[in-house]
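J.: This is what each chain is made of:
Number of protein chains: 2
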Amino acid sequence: MADPRAVEALKTALRRLPGVGPKSAQRMAFHLLERDRDGAAQIQEAIRLALSGVAHCSVCNNFSETEKCPICASAKRDAARLCVVETPADLEAIEQAGVYQGVYFVLMGRLSPLDNIGPAELGVERLLERVKGGALGEVILATNLTVEGQATADFLLDLLQPSGVRVTRLARGMPMGGELEYMDAGTLNQAFSERREV
Amino acid sequence: MADPRAVEALKTALRRLPGVGPKSAQRMAFHLLERDRDGAAQIQEAIRLALSGVAHCSVCNNFSETEKCPICASAKRDAARLCVVETPADLEAIEQAGVYQGVYFVLMGRLSPLDNIGPAELGVERLLERVKGGALGEVILATNLTVEGQATADFLLDLLQPSGVRVTRLARGMPMGGELEYMDAGTLNQAFSERREV
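Chains Y and X are the protein sequences, given in the same order. Taking our numbering, the leading residue of the first sequence gets 1, the next gets one more, and so forth. Taking our numbering, the leading residue of the second sequence gets 1001, the next gets one more, and so forth.
What the hints contain is simulated information worked out from the structure, not anything from laboratory work. Being a predicted model, the structure only gives us computed values, none of them experimental. Hints should not be assumed to be uniformly reliable.
[To be verified] EDC-like mimics (lysine to aspartate or glutamate), calculated; alpha carbons at most 16 Å apart, straight line:
| hint | chain 1 | residue 1 | chain 2 | residue 2 |
| --- | --- | --- | --- | --- |
| 1 | X | K1023 | Y | D90 |
| 2 | Y | K132 | Y | D158 |
| 3 | Y | K23 | X | E1092 |
| 4 | Y | K23 | Y | E8 |
| 5 | Y | K23 | X | D1090 |
Input sequences plus hints: build the corresponding full structure.
T.: Take a look at the structure:
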């Protein structure tokens, strides 16, 4: 290795970021040290603050700097409807769309045995307790329509049904702006089999 | 924004890494906070140590934790041959190949007006002083064969020639394992026009 030890250590550390291999890590380390030391300091400080300040909301499990996140603490949200999503990014997409006024439960992942992510990692126990608490009128399973997301939703459905709560899933079909020509067979199949009277 | 401020700040900071857009930054922040807090701490510490410990070798301009880097300080290197490369990664590739026993000058970039990288940023003045020092028998211009790398080599050649030092460039042609079928026209042109008697 011709690089100083501290540069090697930085490259090794950067490889812990998802999607970053040896070449990217080298490019990043060079960039940070040679072109953007301010940026490097900003990243260091942001990680420090996030590690010390960010935990999980005790109610919805989303990232939060307070014991209860702003959404769970808000009196304006409809606490009788609970939307289950995989990640904070999914929650944010729904919030941005402004289509939902209920509350959330964030799994912080999806079932993925290969990555050692099972029911315990997703906080399923806490979700069930909340449902059994009884104040809920509806649970919306809003996991992604990927294989893992659907397996997670199926798994949750089996657990939730005995409680008698109304469980729904997001509608499946053609997305807005979608062109038949470019739609996959699975989506077309769904769009046909769930077609509606007009 | 549904994310806590510290998470937003982390996403913003991670976008200063080259090649990282909003979606990657979100994925990285989620990964660090939810799946790999040890990794996050490792990155934070590695940046801190690199920022405080890594500067430039006073002779070759490469990253170094000491005033003179190990290569420049070594008595085993041939100080009469100087190889000019763009980046530490290029230097490392040459060292790994074990084909060169001389010393280096690392430009830490290439001429790139759009990125505000001119002769001053590349330490060209220091390179010239070293050449004028007189102890050099040969300067090897080993910039990349990209448009910018070649422009940088041409620029340096113009500055170095008056000094009378012998200036060489790396051979151009077919790479080892190269197949004619997949070679670009520029490489084939070079390979033909510089073909050698066998």
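J.: Give a verdict on every hint.
T.: We went through each hint and held it up to the structure:
1. About 12 Å separates the Cα atoms of K1023 (chain X) and D90 (chain Y), which keeps this hinted pair within 16 Å; it holds.
2. About 14 Å separates the Cα atoms of K132 (chain Y) and D158 (chain Y), which keeps this hinted pair within 16 Å; it holds.
3. Our distance criterion of 16 Å between C-alpha atoms is met by K23 (chain Y) and E1092 (chain X), whose separation comes to about 12 Å.
4. Our distance criterion of 16 Å between C-alpha atoms is met by K23 (chain Y) and E8 (chain Y), whose separation comes to about 12 Å.
5. A threshold of 16 Å between alpha carbons decides the hint, and for K23 (chain Y) with D1090 (chain X) the separation of about 12 Å falls inside it, so the pair holds.
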